[in-house]
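Participant: Each chain, letter by letter, is given below.
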Amino acid sequence: MQQLVHLHHVLYVASGAHHAVLAATTPGSSSGNPIWYHIINLGALTYGLAAIGPGVGIGLIFGRTIESIARQPEAAGRVTGLMWIGFALTESLALIGIAVPFFIK
Amino acid sequence: MNHVLAAAASTCSPSTAHLGSGCGYPAPSINDFYFTPFFKIGSVGFGKPGLLVILSVLIVLTFFWFAFHSPKLVPRGVQNVGEMGILFVRDQILRPQLGKRGDKWLPFLVSLFFFIWVNNIFGIIPIFYFPAMSKYGYPVALAGMVWIIYMFLGMKHQGVFGYFRNMSVPTGAPWWILPLLVPIELFSNILVRPFTLSVRLFANMLAGHVLLAVFTLATWYLLTLSISLVYATASFVLVILLTGLEVLIQLLQAFIFTILTATYISGAYETAH
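In order, the protein sequences belong to chains U and D.
Going by numbering that gives the first Met the number 0, the residue at position 32 of the first sequence is 31; the numbering climbs one at a time, nothing skipped.
Going by numbering that gives the first Met the number 0, the residue at position 152 of the second sequence is 151; the numbering climbs one at a time, nothing skipped.
If you're looking for bench data, these hints aren't it; they were derived computationally from the structure.
Each hint should be verified, as a subset may be incorrect.
Unchecked claim - Looking from chain D toward chain U, a few residues come up when the C-beta cut is under 8 Å (computed):
| no. | residue |
| --- | --- |
| 1 | L18 |
| 2 | I29 |
| 3 | Q91 |
| 4 | R199 |
| 5 | F201 |
| 6 | A206 |
| 7 | I258 |
Claimed, not checked - Just the calculated beta-carbon pair ranges, DEER-fashion:
| no. | chain 1 | residue 1 | chain 2 | residue 2 | range |
| --- | --- | --- | --- | --- | --- |
| 8 | D | K155 | U | T45 | 39 to 49 Å |
| 9 | U | E66 | D | T232 | 32 to 42 Å |
| 10 | U | T45 | D | L224 | 32 to 42 Å |
| 11 | D | V80 | U | L59 | 10 to 20 Å |
| 12 | U | I65 | D | L224 | 38 to 48 Å |
| 13 | U | L81 | D | G243 | 18 to 28 Å |
Said to hold, decoys possible - Reference listing, derived: stretches of chain U covered by chain D, where coverage requires no fewer than 3 residues with Cβ under 8 Å from a Cβ of chain D:
| no. | stretch |
| --- | --- |
| 14 | 47-53 |
| 15 | 59-73 |
Built from N, CA and C at the ideal position, the CB exists for glycine as well.
Construct the complete structure from the given sequences, taking the supplied hints into account.
Facilitator: Rendered as structure tokens:
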């Protein structure tokens, strides 16, 4: 299995995605940011706050879908389709939250 | 500790980093999404994402050519699968939004759906391992195309002023709320729709790729002959589960993009809310 993981990783690296940088979290590094930027990763905090709303929203969507299918099983097909649309629209807000720290420094 | 990290930084790469080797965990970053191009034309580089996009176009064209180059009334072989694909787009995406008159949009929606889906699937296929839609330019191009289509169609069917008036003033709104409502509606329909359409696809693929990268790198990083072998196994199981989740998310995002395109096109046809 170690060979399998190694092969998986070698293929991943060979596929070109190996430009990783070291997680340099030493305080007082030369980037000029104040020290607390390195204690609290603001991007992670941003996403944590941004995920509250969509978390509640997606829970509501799926809960209401389950309830409506329980009330009326004949409508299951139509309701499930609408559920996926609602899920993707709500999830997009959480994903904008995770993408924003990557391009807003 | 600074000089230890500085010394170790020169020998640390994701291939050599293991737990306890002095290098930190090689976290995936935004640099993972930038590839050195194969060649450059002027200042535009053609690299791996460009190759994947062209390859996906070839795959979709080849598949549909094999399915439908000599169609029979009773389908056999690949035509069955091709018909399943087209009927899925027509019955789940096109007909609920546009009705029967929307059948002329079927080639466009089928191409859009399968193009996005094949590009997404490249994120979990071993040699490629990169969803081309995680470079923001590609979803922007698609969303821009959809935006031009529904703006132009709306102005053609409702007149230039009629389109903006119908879009910004919902029927039944009291007059005193209009100064607040009109800018919000205009902003939402003209600017926010293409933005969220593109960012939804882009961010889903970005987040999925980063998740898979985190756990794949963690599996390799934890692979030392100690108790961390258990953690490496758990990480590998998570990679497999997340790949399964990615399969669902890729199909779902292609479906959502296409069904929102159909919704916006149908919104451009109707005359009022």
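Participant: So, for every hint listed, does it hold in this structure?
Facilitator: Now the hints, each set against the structure:
no., hint, in the structure
1, L18, "violated (14 Å)"
2, I29, "holds (5 Å)"
3, Q91, "holds (7 Å)"
4, R199, "holds (4 Å)"
5, F201, "holds (7 Å)"
6, A206, "holds (5 Å)"
7, I258, "holds (6 Å)"
8, D:K155 <-> U:T45: 39 to 49 Å, "holds (42 Å)"
9, U:E66 <-> D:T232: 32 to 42 Å, "holds (39 Å)"
10, U:T45 <-> D:L224: 32 to 42 Å, "holds (39 Å)"
11, D:V80 <-> U:L59: 10 to 20 Å, "violated (37 Å)"
12, U:I65 <-> D:L224: 38 to 48 Å, "holds (46 Å)"
13, U:L81 <-> D:G243: 18 to 28 Å, "holds (24 Å)"
14, 47-53, "violated (count 0)"
15, 59-73, "violated (count 0)"
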